[in-house]
Amino acid sequence: MIVAMMGNMPTIINWFTAPLQYEFMQRGMIAAILVGIVCAVVGTYVVLRGMAFFGDALAHTILPGIALGYLVTGGAREPLFWWALGTAIVASLGIGAISKNAEIKEDTAIGIIFAGMFALGIALISTVRSYTVDLSHFLFGDILSVSTQSLWLILIFGGLVLLVIFAFYKEFTTLSFDPTLAVTLRLPVGLLNNLLLTLIAITVAVSLQTVGVALMVAMLVTPAATAYLLTQRLSNMMLLAAIFASLSGVIGLYFSYYLSIASGAAIVLTATLFFIFAFVWKKIKQL
Amino acid sequence: MYPHTHHQTNQPILDVQSLTVRYNGHVALDDISFHLHEGERVAVVGPNGAGKSTLFKVVSGVLPPTSGEVNIFGSKPSGHVCIAYIPQRSQVDWNFPLSVADVVMMGRSAKLGPFNWPRKRDWDFVHHALDTVELSNLTTRQIGQLSGGQQQRMFIARALAQEAELMLMDEPLTGLDTPSQEGILSLLDRLKKENVTVMVATHDLDQAANHFERIMLLNHRIIAFEKPDEALRTENLIRAYGGRLHSTDNGSVLTVDDCCDDGEHAHNH
Chain A
0 MIVAMMGNMP TIINWFTAPL QYEFMQRGMI AAILVGIVCA VVGTYVVLRG MAFFGDALAH
60 TILPGIALGY LVTGGAREPL FWWALGTAIV ASLGIGAISK NAEIKEDTAI GIIFAGMFAL
120 GIALISTVRS YTVDLSHFLF GDILSVSTQS LWLILIFGGL VLLVIFAFYK EFTTLSFDPT
180 LAVTLRLPVG LLNNLLLTLI AITVAVSLQT VGVALMVAML VTPAATAYLL TQRLSNMMLL
240 AAIFASLSGV IGLYFSYYLS IASGAAIVLT ATLFFIFAFV WKKIKQL
Chain B
0 MYPHTHHQTN QPILDVQSLT VRYNGHVALD DISFHLHEGE RVAVVGPNGA GKSTLFKVVS
60 GVLPPTSGEV NIFGSKPSGH VCIAYIPQRS QVDWNFPLSV ADVVMMGRSA KLGPFNWPRK
120 RDWDFVHHAL DTVELSNLTT RQIGQLSGGQ QQRMFIARAL AQEAELMLMD EPLTGLDTPS
180 QEGILSLLDR LKKENVTVMV ATHDLDQAAN HFERIMLLNH RIIAFEKPDE ALRTENLIRA
240 YGGRLHSTDN GSVLTVDDCC DDGEHAHNH
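So the protein sequences, as listed, match chains A and B.
All residue numbers for the first sequence refer to numbering that gives the first Met the number 0, where the first residue is 0 and numbers rise by one.
All residue numbers for the second sequence refer to numbering that gives the first Met the number 0, where the first residue is 0 and numbers rise by one.
Note that these hints are calculated values from the structure, not bench results.
There could be a bad hint or two in this list.
For the chain B half of the interface with chain A, some residues (derived, Cβ under 7 Å), not all of them [claimed, not checked]:
| no. | residue |
| --- | --- |
| 1 | V80 |
| 2 | Y84 |
| 3 | F95 |
| 4 | M105 |
| 5 | F114 |
| 6 | T131 |
| 7 | S135 |
Even glycine gets a Cβ: it sits at the ideal position worked out from N, Cα and C.
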């Protein structure tokens, strides 16, 4: 029995290491872990403030920006990050302003903008003859084509997001839990709100290559929601969410490699499985 | 440090002059003037939609006045961090992943200033506040696991950690059982020693009469602002509550209020 297991050990190790002999898989793994951590931490506030729809809308809204960059630069990937980042910040602050002053209901206003912008993005990309492959990369991610340069951008901007959240942890938490308290404590509420919107925007730009615009919301809310089920402390929620998100990225990529399924979908499905397990586990515990 | 104004100690803690607040055409507060003395405990009483929450929001600087002036120690509320607005319990997400100590520490955010994490001095404030409200044994409890009375006392502890000198409490007794209500009221009595000025919005005229030094009878305008037995004279009550007032056999008065949410838009008289 033991001999048999010993005999299998190299095969098991081989199963794990085989994909990693490819550099694009290594880069993909690193990207998945980094993006997972950033999305999870930012996503904690997205979940607690009930901004899932905003996150989904924001991700879709940046498509025309990416499309424009794609047309201008003739299909090169690295510059697209900057187009995505610029559009995301403008869209994030724009949606934030509109939802405050809307004459129609906030979610309706967001819905109109997001669908319109998304359609504009598709229209722009469709002017290129062989557009379907590139479009599907923007929509669903293309983590295996992450370059070293993109990895650096993810590291720098993701790190920046985490740093700002660490610096303003108590302000963001106070503002999210009790906005009236934040006003009476004379915290710069408007500035903090816009800062948080900007952080979500940067996170969306950073995650673009991993899961694409259509699946982005899953990275923002699913790991954070999973953690929410399992802990009652905010700091633990961020930590647990980051662990679930990174694991989803890594496990998802193995699924993608061995089952030949799209990487973005595999990552999101793994994160969803974690959520289902946590949900069922909690229900059983409550019995 | 986030900016905040220094106090002119020769000025009253709260001075309201000709305050009017309009929401899209509807008058919530109509030409209100009064001032409070330091350490005073005042109950604000009136029917639903009388403008109690609006008054608290303007005094705490959350809502700007349409006209008139509000001054805290001689300057506008928006520069002061000494005002605590204690929300109705229904306005808070009790599933938020925070402990009792986390929420009380939020009161320190202003004094801490940006980029600073709590130091020993801040924890001392938090623990002293939790001692005062008798929640020291529940500091690590998730806030949703507290009883209603404990939740209300946690908010008072947060206001103490904030070093608030003026506490505005919006219906703190609503939805609590009688022992919890008595617990809050005796806690408010003890706060007098800390020289905290307290304004409490309440529906309960008996409690207002028994536990507060002055009663403000409010229905968009101030009907009376006097010692309890003066303020609660029948003619004042009729002016405040209109037809929804009934006398009982033993001579005390009972108001009939048909709903309990303090929506400012709920009633217009």
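Hint by hint, here is what the structure shows:
| no. | hint | result |
| --- | --- | --- |
| 1 | V80 | 6 Å, holds |
| 2 | Y84 | 5 Å, holds |
| 3 | F95 | 5 Å, holds |
| 4 | M105 | 5 Å, holds |
| 5 | F114 | 6 Å, holds |
| 6 | T131 | 19 Å, violated |
| 7 | S135 | 19 Å, violated |
Of the numbered hints listed earlier, those contradicted by the structure are 6, 7.
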